[in-house]
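If you want the building blocks of each chain, they are given just below.
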Amino acid sequence: MKVFIDPPNSLILFDLIERFGHEPLSTMAALQERVDNIEIDMPPMNVTLDDVIKGLKYAGIEVPSGIRGRLAVWGPLIEEADAAVVMEGAPFSFGCVGCERSNLMVKYLLQRRNIPVLYVTYPEDEEQGKLVVAKVKEFLQGLDKKEAN
Amino acid sequence: MAELIKIAQLSCGTEYSSVQYEIEKAARSVGAKIVYPDVSAADINAAVERFGFNPRSPQLKLMIARAVQLADGLYDADAVFIATCFRCAEAALVRNELRRFIQENTRLPVVTYSFTERLKASQLLTRMEALVTIVARKELLAREKQSGLTAGLDSGSSTTKAVVMQDNKIIGKAWMPTGDVVESATSVLEEAMKMAGVELKDLEAIGTTGYGRFTLGKHFNAKLVQEELTVNSKGAVWLADRQRGEATIIDIGGMDNKAITVRDGVPDNFTMGGVCAGASGRFMEMTARRLKIDVSELGNYAVKGNWKNAKMNSYCSVFGIQDLVTTLGEGKSFEDVAAAACHSVAEQVYEQQLQEVDVRHPIIQVGGTSLNAGLVKAIGEVLGEPPIVPENSQFIGAVGGALLSSGFL
Numbered sequence: 118m119k120v121f122i123d124p125p126n127s128l129i130l131f132d133l134i135e136r137f138g139h140e141p142l143s144t145m146a147a148l149q150e151r152v153d154n155i156e157i158d159m160p161p162m163n164v165t166l167d168d169v170i171k172g173l174k175y176a177g178i179e180v181p182s183g184i185r186g187r188l189a190v191w192g193p194l195i196e197e198a199d200a201a202v203v204m205e206g207a208p209f210s211f212g213c214v215g216c217e218r219s220n221l222m223v224k225y226l227l228q229r230r231n232i233p234v235l236y237v238t239y240p241e242d243e244e245q246g247k248l249v250v251a252k253v254k255e256f257l258q259g260l261d262k263k264e265a266n
Numbered sequence: 003m004a005e006l007i008k009i010a011q012l013s014c015g016t017e018y019s020s021v022q023y024e025i026e027k028a029a030r031s032v033g034a035k036i037v038y039p040d041v042s043a044a045d046i047n048a049a050v051e052r053f054g055f056n057p058r059s060p061q062l063k064l065m066i067a068r069a070v071q072l073a074d075g076l077y078d079a080d081a082v083f084i085a086t087c088f089r090c091a092e093a094a095l096v097r098n099e100l101r102r103f104i105q106e107n108t109r110l111p112v113v114t115y116s117f118t119e120r121l122k123a124s125q126l127l128t129r130m131e132a133l134v135t136i137v138a139r140k141e142l143l144a145r146e147k148q149s150g151l152t153a154g155l156d157s158g159s160s161t162t163k164a165v166v167m168q169d170n171k172i173i174g175k176a177w178m179p180t181g182d183v184v185e186s187a188t189s190v191l192e193e194a195m196k197m198a199g200v201e202l203k204d205l206e207a208i209g210t211t212g213y214g215r216f217t218l219g220k221h222f223n224a225k226l227v228q229e230e231l232t233v234n235s236k237g238a239v240w241l242a243d244r245q246r247g248e249a250t251i252i253d254i255g256g257m258d259n260k261a262i263t264v265r266d267g268v269p270d271n272f273t274m275g276g277v278c279a280g281a282s283g284r285f286m287e288m289t290a291r292r293l294k295i296d297v298s299e300l301g302n303y304a305v306k307g308n309w310k311n312a313k314m315n316s317y318c319s320v321f322g323i324q325d326l327v328t329t330l331g332e333g334k335s336f337e338d339v340a341a342a343a344c345h346s347v348a349e350q351v352y353e354q355q356l357q358e359v360d361v362r363h364p365i366i367q368v369g370g371t372s373l374n375a376g377l378v379k380a381i382g383e384v385l386g387e388p389p390i391v392p393e394n395s396q397f398i399g400a401v402g403g404a405l406l407s408s409g410f411l
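So the protein sequences, as listed, match chains A and B. Just so we're aligned, residue 118 is where the first sequence starts under the numbering used here, counting upward by one. Just so we're aligned, residue 3 is where the second sequence starts under the numbering used here, counting upward by one.
Be a bit skeptical, because a hint or two may be false.
[To be verified] If you only want the chain B side, here are some residues facing chain A, beta carbon under 10 Å, derived:
#	residue
1	Y23
2	I46
3	N47
4	E92
[Said to hold, decoys possible] With a straight-line Cα cutoff of 25 Å, these simulated DSS-like cross-link-like pairs (lysine-lysine) come out:
#	chain 1	residue 1	chain 2	residue 2
5	B	K147	B	K225
6	A	K171	A	K224
7	A	K174	B	K122
8	B	K313	B	K379
9	B	K122	A	K171
10	B	K203	B	K225
Everything labelled a hint here was simulated from the structure, so no lab data went into it. C-beta: ideal position from N, C-alpha, C; glycine also.
Could you build the full structure based on these sequences and the hints that come with them?
This is how it looks when you write it as structure tokens:
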């Protein structure tokens, strides 16, 4: 199944999703597609004016361009997702989208999708870390069962 | 090949707004390159703590950490460009406080900007060029006296001005509304030369500035072709005889406004507004046209009026004129309406431009609009102190051009 991760650029979440047999929907993949597209030349991320305008689907014109540009990258991934794993309270070094308003909007869009979402809290120690991994594993295996049914 | 000027970019949202390429293009076109102070993730929290403002958005934290690198001299840059998304309140707070932080801790020139996704390199060109000029032409900008026989041409959006100077004195001057850029400049230069009793072949150097500077520079084979932010600053401090110490220059132009802070005649921070015609000289022209008076008379009406009697507080020239029509319809006097129009422009300059620089005293008001006594009075009322309006204040750009071009002799 396609599982959206939040923060969308978390390498740890990406790895967990992949490790347990699902397809992670992440910033890396979305931007890789843009960066590899040699027809576009809008460095560094090839987020174009068209993308920012497409972001109007998620937020109005009065919303700063940086937010609309971000939502244009993550919005389609959320729409595509069958499930999501959200790490709450994570420091920016764990992964982030740079803008707190965009973070809030990503979480809101996920909620509106009505798909299975696992919310886990950022672990403070090894013990909590193991529990988080176990919860993610259980959630992802549960998705397999759903898919099988 | 000369080393490129390094402009440190502190920003949030540029890469997701499709404008990063435009920023870099603008820098490249004026012989500069954009650089990003190196920061390790471990430094960010300490930098934010030191700065004292802890924003929620991580990219703003990164901006702060980069600024701290510059403030501590750990990263080498020549100038600073601070940019955040238009309409983001959190970023606007950080942008302005970082500008102040950089100025308090370094001598680097700074320019701030809030962008939309429609930003084009051409909109940044004058600002980037000014940053480069301040860095690359330090010695030229330190020039306080004009020497030899030189001329300055200022091709503005509304008017074209020419000044001929000899041995640090203005000996010829002329201005006219801008039509064809070259024809207008030729005409005013001829008039100024006639007044000075000199011919084109006698001129040792010409300096051009304003929107038409490149065209005029090529046409007249000018020794100096330079943006109006630095040139106008030099002209303003020369005319006001404030070459030393600090000052704030307010130049309300036909199409955009400039607020520039200077230290010993050299600008170190500036802001340039051009989003709304409601805060420019163009609005004065529109008001005068609606009142069916000449724009030069508007100020005389305004000083006799009371702005409080007429409501006009629009941020847009179209709505401003609507306010004006409504107010006239209510039977308010021309004097009150003219005063309200001047007050509206002054308030917008205060709210839009002067919030992005730290106002230093004295305040020098220049440009064609400084001949409008009503606008000067309004600026004084809004700022709480009357600005200095030097003689020939409308010729700042041309004087700056003549003064700086003499540095090439």
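We went through each hint and held it up to the structure:
{"no.": "1", "hint": "Y23", "result": "5 Å, holds"}
{"no.": "2", "hint": "I46", "result": "7 Å, holds"}
{"no.": "3", "hint": "N47", "result": "9 Å, holds"}
{"no.": "4", "hint": "E92", "result": "7 Å, holds"}
{"no.": "5", "hint": "B/K147 with B/K225", "result": "17 Å, holds"}
{"no.": "6", "hint": "A/K171 with A/K224", "result": "19 Å, holds"}
{"no.": "7", "hint": "A/K174 with B/K122", "result": "24 Å, holds"}
{"no.": "8", "hint": "B/K313 with B/K379", "result": "18 Å, holds"}
{"no.": "9", "hint": "B/K122 with A/K171", "result": "19 Å, holds"}
{"no.": "10", "hint": "B/K203 with B/K225", "result": "14 Å, holds"}
Hint compliance for this structure: every hint is met.
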